[in-house]
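Asker: The chain contents come next:
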Amino acid sequence: MCLAVPGKLIDVKRSPDSTSNIATGTVDFQGTRVDANLIFTPEAKEGDWVLVHAGFAIQQISETEAIETWRYLDVGEFKEELPEFEDTRPTGEWR
Amino acid sequence: MSTSIAPRVDTSEAISIAHGGGGEMMRRLIDEHIIPRLGNRFLNPLDDSAVFNPTNKRTAFTTDAFVVQPLEFPGGDIGRLALCGTINDLAVMGATPIALSLAIVVEEGLSFTLFDRILDSVAETAAEANVVVATGDTKVIERQNGDGLIITTAGIGEIRDDANLGQSRIDEGDVVIVTGRIAEHGLAVLSVREGLSFQTQIVSDVAPLGGLVASIFDSGADVKFMRDPTRGGLAGVLADACEASNLSIEVEESSIPLSPSARHTAEVFGLDPLTVANEGKIVVVCPVDDADRVLQACRTHRLGHHAALIGQFKKEEPSLVELITEAGGRRIVQRPYGEELPRIC
Amino acid sequence: MIPNRIQDLVQTLNRVCDSLAPMAFMEVCGTHTVSFQRSGVKSLLPDNIRLISGPGCPVCVSPQGYIDAACEIASYPATTICTYGDMLRVPGRHGSLLQKRADGADVRVVYSPIDAVRLADEHPERAVVFIAVGFETTVGGHAAAVLEAQDRGLDNFFLLTSQKLVVPAMMALLAEGEVCIDGFLCPGHVSVIIGPNAYVPVVQTHRKPCVIAGFEPEQMLRGIIQLVRQVAQHAARIENIYPVAVRREGNPVAVRIINEVFEPADSEWRAMGTIPVSGLSLRTEYQQFDALERFDVDLGPDYDAPGCCCGQVLQGKVEPRDCPLFAIECSPSNPIGPCMVGSEGSCAAAFKYGHDGTRRACISSDRR
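For the protein sequence lines, the chains are R, G and A, in the order given. Mapping of the first sequence onto this note's numbering: position 3 corresponds to residue 3, and the numbering continues sequentially without gaps. Whatever position you read off the second sequence (first residue = 1), add 1000 for this note's numbering. Whatever position you read off the third sequence (first residue = 1), add 2000 for this note's numbering.
Certain hints may be false.
[To be verified] One-sided and incomplete, this derived list gives chain G residues near chain A with beta-carbon spacing under 10 Å:
| id | residue |
| --- | --- |
| 1 | I1030 |
| 2 | D1047 |
| 3 | D1048 |
| 4 | A1214 |
| 5 | F1217 |
| 6 | E1253 |
| 7 | T1275 |
| 8 | L1320 |
| 9 | E1326 |
| 10 | A1327 |
| 11 | R1330 |
| 12 | Q1334 |
Just so you know, these hints were derived from the structure itself, not from any lab. Yeah, the Cβ is synthetic: ideal placement off N, Cα and C, and Gly gets one too.
I would like the entire structure built from these sequences, with the hints used as guidance.
Answerer: Laid out in structure tokens, this is it:
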């Protein structure tokens, strides 16, 4: 339902034609660049990695995590144990 | 065609209906813009036909029409595309091009600056491919958006004596080679299309392939089938070969040449690189024993550095193209169905 | 050639599945559906695991009346329709947006709803209508577009909304109880916004395991492994194996902006009917951006084309290849229903990539 791709924020700017003062940034996907709206990731700054969906950065992610996400594309070989995952018990709900 | 009345534009800067009217304006267009760039002994007399002496070789004859928006894109333009399209259609039949025709339908309002750039590109590509534009025509249509240009080219070529090509010659065990990295033309054009404001390093691979094809034949390999995977991409050519040969093809995804940039860009658009257009690649089918010769010939040519063996024909029912994915799974590859739109959500 | 870690995961999966009764997991998200097929991971799953595609393709779940309304608005004078690429080909009663474009309507594919706002700003003489389909991941952008249009003082930008919430649809499927589901592979990117706790009702009310996973082969395999482990333990927990992107709290900024512009509302889903509080509509303060109000268009009734099983496919009740039209009358080049259109639609994925990625293919001669 939702395709989102991690990319690196290479510059952050106030949109020149916007009065809303919301930052946009140029996100680089290994050589292809797109302007992304940063309204949902107000703390993102140059050099950070973000997950982009339909022109919006929807989450900041760490660089190592981003590379991890791309890594399956580059066939590397290593072995690791499956970690035991955290059990995120209920604490609240959407709205 | 639009019926609205458009303002007449300054003829010194833009093409107008009068330039297609067959009078003085048209003569000036030809003399000042076309002949200086594309002139040669066949074209210059401006006769109604170019005249050749027949050869005793088999002759290939093909035609293709070209529309692309924008007219100029990273790595090429409609002029280069129109020449390469026809040259490559001849090349993959084992034919060395003798001459091309060039018919341009241009929309009133197109700037001469852009028109000239496209003609320059046609001239450069013709020189690169060592072929002449022997005859041509220009028509002007009424203004719509002021940026329209359609090119139709046709070409004749002499078929090499050693070329014996046909999908019916494909046998079980034959291998599939692709001469370089795929998907670059389609991604480059898509990224600059209106409404999709991307910038990309990817440039179209559009190039005339006569030289590469000659190297492949000169290697002495028994080439059974060749096709350039343009619209429809690699998937389209594989599906065609599978259908025509009644054999299955097993393709190893990890061996398909694809630049990291193209891989990631396809991911951003949500596209399958196998279905994205190429304009400078060839799919070659040959016996497994000749694969090394073909690969060697490609890799020593500047347009074939990344050539790779990607699959093999198998006798399995029903005949399908099967991809062994990078994850080690299997899936079926099908001909794509028309325009691939970027998948966004 | 097979990467070792995938091989290891497949082995692990086979081991944990060994001697368990057949299990059916729903991948709610259409992007998961496509990724499973395109990566070939679906063909690596053990025989006792069945994947059911869920109602997570925004194009597919929009009711037919919505498509018809979009096409009707497209034919109004001085009106520009902006849409995500996938909506273009969905057939309505009187053709698709693509056909409307061929008939002369101004229909444009955009990458972002902000592009539509920009277009409205540049063309004050035209009404610009954005086809706002999507789940939680996407609706944030729609909310931001409305705020941007307001900031720019635009009175010619409108949304035609068919915005859906994931969890209510999961709950409706479970409440109906017709489809046997042993657990959910939850959508990674929706969860980026709503956070793992959104799935609490699924776990508490229906005791179904929920595992949030990303879209790479490794993530999907790990997700399935964790679901199987929960089944084996008779457990029902929420697990997040995609912490790269999914935070415990989701994305509170996005949630706040969504709630500022939209409010939860009953929403009509294709073939599933109206599900209470399963959609998002413009709040009263933002009514002036509602295309239905501006154009005085009604959403007509939902319906399926005769013989089309899209509604059933969406709910996991019918497999694409079991639809009588599949690969015969209905194909991506001539789609009868929306599941054959959206690139993430189950039928399109099954057609393009083979039903389960193996030789039991989807070609018509081999069907049934």
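Asker: Where does the structure disagree with the numbered hints, that is, which hint numbers, in rising order?
Answerer: Checked against the structure, the hints that fail are numbers 1, 2, 3, 4 and 5, while the rest are satisfied.
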